[in-house]
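Please work from the sequences and hints to get the whole structure.
For the sequence shown, our numbering assigns the number 1 to the initial residue and increments by one for each residue that follows.
Quick list of in silico lysine-lysine cross-link-like pairs, DSBU-like style, CA-CA up to 35 Å: (1) K98 to K52; (2) K19 to K98; (3) K19 to K52.
Think of the hints as simulated: they come from the structure by calculation, not from any bench.
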Amino acid sequence: MEQRITLITLGVSDLARAKAFYEALGWRGQEVQETVFFQAGGLGLVLWSREKLARDCGLEPAATGGFGGIVLAHNVRSEAEVDALLAAVERAGGTVTKPAAVNAVGFYSSAFVDPDGHAWEVAHNPGIPLADDGTITLPDFGGD
1 MEQRITLITL
11 GVSDLARAKA
21 FYEALGWRGQ
31 EVQETVFFQA
41 GGLGLVLWSR
51 EKLARDCGLE
61 PAATGGFGGI
71 VLAHNVRSEA
81 EVDALLAAVE
91 RAGGTVTKPA
101 AVNAVGFYSS
111 AFVDPDGHAW
121 EVAHNPGIPL
131 ADDGTITLPD
141 FGGD
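Structure follows, in structure tokens:
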């Protein structure tokens, strides 16, 4: 398997609400057959019915709420951008779950959940700079 992710699909309970939330944050997508596709840098973020997504994966839909074990991350170019994005999240109906602050590792970060409970980290981490197109290249951390 090549080391690559092409699509991330979020199971949502209300497609129109989820689409409106991400559009309120400035995302622009296309709705096709009850599915919304957003171009997100070099990959796609997809919104689809939580029940249909579970069935498509051969799984039973689980109860919503609680931590699902995955956090999406959105790095920005400054601490001010972190703060501005958190304000937009709250206006759009998301919930800030961790106020912005310098974390234990030394960079400025925060966290929120979208209306379906999907967790996001928002961070300004100068150690992982963004290219002009918003992509990152992980540095050599000096480990194994």
